[in-house]
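Colleague: Each chain is listed here by its residues.
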Amino acid sequence: MVPENMKKQLALALRSIQWSYAIFWSDSPNQPGVLSWGEGYYNGDIKTRKTSQGVELSSDQIGFHRSEQLRELFKSLKTAETNPQTKRPSASLSPEDLTDTEWYYLVCMSFVFNIGQGLPGRVVASGQPIWMTNAHSTDCKLFSRCLLAKSASIQTVVCFPFMEGVIELGTTDHVSEDLHLIERIKTSFLNILHANDPLKSGATSKAREEESVACVAAFDHNAYNAELIPEVGYGIINTTTSPDGSSNALQANQPPDETFMVDRINRGSTSQFQSWQVVDDELSNCVHNSVNSSDCISQTFASPEKIGSAPNVENLSDLQKCNNQKMTLVDPLSDDWHYQKVLSALLKNSDQLNIGMHFQNFYQESIFSIWKKGGPMDCQRPRVGASQNLLKKVLFEVPRMHLDGLLESQEENDYKEGTRLEADENGMNHVLSERRRRAKLNERFLTLRSMVPSNIKDDKVSILDDAIEYFRSLEKRIRELEAQRDITNVETRAKSSPQDMVERTSDHYSNKINNGKKSVVKKRKICDMEKTNSDALKVSSTNDVTITMNDNDVVIEITCSPRAGRLMEIMEALNSLNIYFKSVQSTEADGHLYLTIKSKLTGPTNATAKRIKQALQKVVLKS
Amino acid sequence: MDNSTQDSHLRSENSVTYDSPYPLYAMAFSPNNNNNSHSAATTTQRLAVGSFLEEYTNRVDILSFNPDTPSIRPQPSLSFDHPYPPTKLMFHPSTHSPLLKSSAVDLLATSGDYLRLWEVRENSVEALSLFNNSKTSEFCAPLTSFDWNEIEPKRIGTSSIDTTCTIWDIERGVVETQLIAHDKEVYDIAWGEARVFASVSADGSVRIFDLRDKEHSTIIYESPQPDTPLLRLAWNKQDLRYMATILMDSNKVVILDIRSPTMPVAELERHRSCVNAIAWAPRSSKHICSAGDDSQALIWELPTVAGPNGIDPMFMYSAGCEINQLQWPAAQPDWIAVAFANKMQLLKV
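So the protein lines, in turn, are chains Y and R.
Numbered per the working numbering, the first sequence spans residues 1 to 623.
Numbered per the working numbering, the second sequence spans residues 1001 to 1349.
Hints should not be assumed to be uniformly reliable.
Stated by the list, open to error - Examples of chain Y residues lying across from chain R (beta carbon under 7 angstroms, computed):
(1) Leu-147
(2) Tyr-339
(3) Ser-344
(4) Ala-345
(5) Glu-365
(6) Ser-366
(7) Phe-368
(8) Gln-388
(9) Leu-395
(10) His-402
(11) Phe-581
No lab work stands behind these hints, which were simulated from the structure alone.
Where is the CB? At the ideal position from N, CA and C, for every residue including glycine.
Please construct the entire structure, taking both the sequences and the accompanying hints into account.
Modeller: Written as structure tokens, this is what we have:
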């Protein structure tokens, strides 16, 4: 499949243009119809460290040697997994010794392409060369190795059909499209092939291979031209009838056809007629190059030798797209180095040839049946309920169960043992504890806002301002009262609860407090008051929770007995359901606390009206 | 031993069904297959199933499976309580570990509020340890899944709804590292190599992490509609280039090749409704099984490259009800286990 002297040809071609690497993708011997690594030559940067072999090598020899080493290394990486016991064959290189470009070249060895897919696959399908100048920023739909190419700073990749496969050339330089270059390379290949074909000119010495480019470029076509004249002539006639054809282009496109012809003849397996067809096909493809031509497509299909399932039109538009499209899906965190390391770690443990089958006894014993398109009817029944029901429950609801459970026990702790906490600031994960701290802070701010008469503005500064103002007024009031008591020394100590009630109610209406020359709430007093209230409530317990849901908007109305910390508990219960409030209104009257909460569901939540209600009733019923 | 519990119903040559008193979700096979002294003559396989009850008390039952008969026998003395349903069960992947005191002992890990290790002995189960990374008892980051590192079994990686993955050294009982892996809840985690793991998240991405370089990660795939959560991840242990993931509310199994990030190499789209579980074949690099709401378990053979019309599965099995869980145990590669409703079924491949 791969000609023996392919590597030498690649080397020669590559050195003539000073590019980094060349790969010949050929039909895979294992899987027909699939392109895999046939041969390659590496001509790029080399880390000098491990290349000193003691023996003086010419630059050519170094190149061959290195390519051989890389291939060995790849094979050793692959076999490492198959026989974990046997030590991996001693490759003279290890992945750490590679430059980025070498690494790219190495990973390329593991790729395979279907006809029509990937860069080489498309070239085979269309029979047209592809010249890509921004390989590293190309859409990975077209060039699947773009991320790798980026890490190796490969900029220009060129693919063109050759013999049964595809030649891929790449360089780290930016080289603008130049079809003459491809032709020149093809000519040089042609030269070598011809020279080594015993049927044609067995006498030509091997020395030719070592010849410099200058020689190659100046290669004398006569030897085979004589033979090919009829075919080429036919091609010319055929193409000049095409409206797009220009004689210049034709001249330029002659060599590739010749390449192809010689290739055919060398194989000696194709009839003259087929060859003619192919010449025609190739030629018109090249002439039209980037012009959409329905002729091209039909001709491609007409040629049985080159099965191309992907229509040219699509390829071309993709190609055009790829030049404009930037790769969008790059991880902001991603680092080429990281990606490479991971790949090398994994490639070591992977083996593409490991195709163990486990279905030998299938037909006798398995309960599985052969899949058929229609399938049995019982699968067609309409589904009831949500999809992925249990899986979603496991992933979304089970965590919530744990959190709810924790919250409950935590609340008990909080109110039995008083407040305990904030000891985890030194925890190993600072960001997480920070995130929790912020959530807690926000919660407490909301609670504070509900306790302090405040304006409509609910940013933190306003809440704090209101609180400061409120406490100042309280302090002032305390001083006034104490002064009063000192002077009069009478029994003002015990305030009656009705007065407190007024006070508490007024807390929530900012317009009322400032004229509050009445009395001031002290914590102790609230407690006193509460006892009486809860006593009263036992008689007429009208705890009630009403939920009105409209899309993500939730209106919650709660009637319950007032108690210290009640509001905070409700807020916490709502927070744990991922409900965040837009506004909270509370009124206290007749020994009842009336709450109206307007809120919004955020994030992935499974909070249903029923769930919210249950959660809130739990809080409300707690006395 | 309580023999009133049925051995197994629906017994046949190529499948066996276990009826549980409660709905089942989590499921795991022991890698050892001769640790049951009750039937020394035949080899039996220990497996664990976890209940799914939406209440505090849930159960983990240990069963023994005899592939020769085939039959499943519950081992009531080995059942134990678990707080809320376990999100995943997994046995110690290796037969040798300082934590394994004898060959008759299995180690079982469960995830839920915390990662827990249980020692499954011949006739009893003992809670061995609880791994809690939080300094205070007031906070807990519930775990959606975990994976035991087969190459270095002292490592367990857990995924949490708090966007992190935690890597435990279970032998020393310490956290090796905790990474903020994703922008949203992490739903599954899978080891590829001793120090490389990948995770999927509600943020819709598959990311690869390397413990040698904790600062970086590589996004291997992102769901096409932004932020479609990815729910499960399976790394092909026979060919680490490939991994598979499933999306929320999707009938697709997405096959990824780590060498060409962002472009799936194949999308398996023959399920008639959403996919719930995926498992790679333990002994073949090219086969994967998937199961879903359409009650089918499908076995796929991955071609080298996908054709234009998508990939058809090779084989199928119909369970009659949504399949929620799927395991293809390495110790019994000829059998695939599926869980649906309150049944667990072992199917001969």
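Colleague: Taking the hints in turn, state whether each one holds.
Modeller: These are the hints, each one checked on the structure:
Taken as an interface hint, Y:Leu-147 checks out: its beta carbon lies about 6 angstroms from the nearest beta carbon of chain R, inside 7 angstroms. About 5 angstroms separates the beta-carbon of Y:Tyr-339 from the nearest beta-carbon of chain R, less than 7 angstroms, and the hint is met. With a cut of 7 angstroms, the hint placing Y:Ser-344 at the interface with chain R is violated, because the nearest CB-to-CB distance is about 10 angstroms. Hint on Y:Ala-345 holds. Least Cβ distance to chain R is approximately 5 angstroms, under the 7 angstroms limit.
With 7 angstroms as the threshold, the beta carbon of Y:Glu-365 comes within range of chain R, its nearest partner Cβ sitting at about 5 angstroms, so the hint holds. For Y:Ser-366, the suggested interface contact is upheld, since its CB lies about 5 angstroms from the closest CB of chain R, less than 7 angstroms. With 7 angstroms as the threshold, the beta carbon of Y:Phe-368 comes within range of chain R, its nearest partner Cβ sitting at about 4 angstroms, so the hint holds. Because the closest C-beta pair between Y:Gln-388 and chain R is about 5 angstroms apart, less than 7 angstroms, the hint holds.
Because the closest C-beta pair between Y:Leu-395 and chain R is about 5 angstroms apart, less than 7 angstroms, the hint holds. Proximity of Y:His-402 to chain R holds as hinted, the smallest CB-CB distance being about 4 angstroms (cut-off 7 angstroms). With a least beta-carbon distance of about 23 angstroms to chain R, the hint placing Y:Phe-581 at the interface is violated under the 7 angstroms criterion.
When held up to the earlier numbered hints, the structure conflicts with 3 and 11 and fits the remainder.
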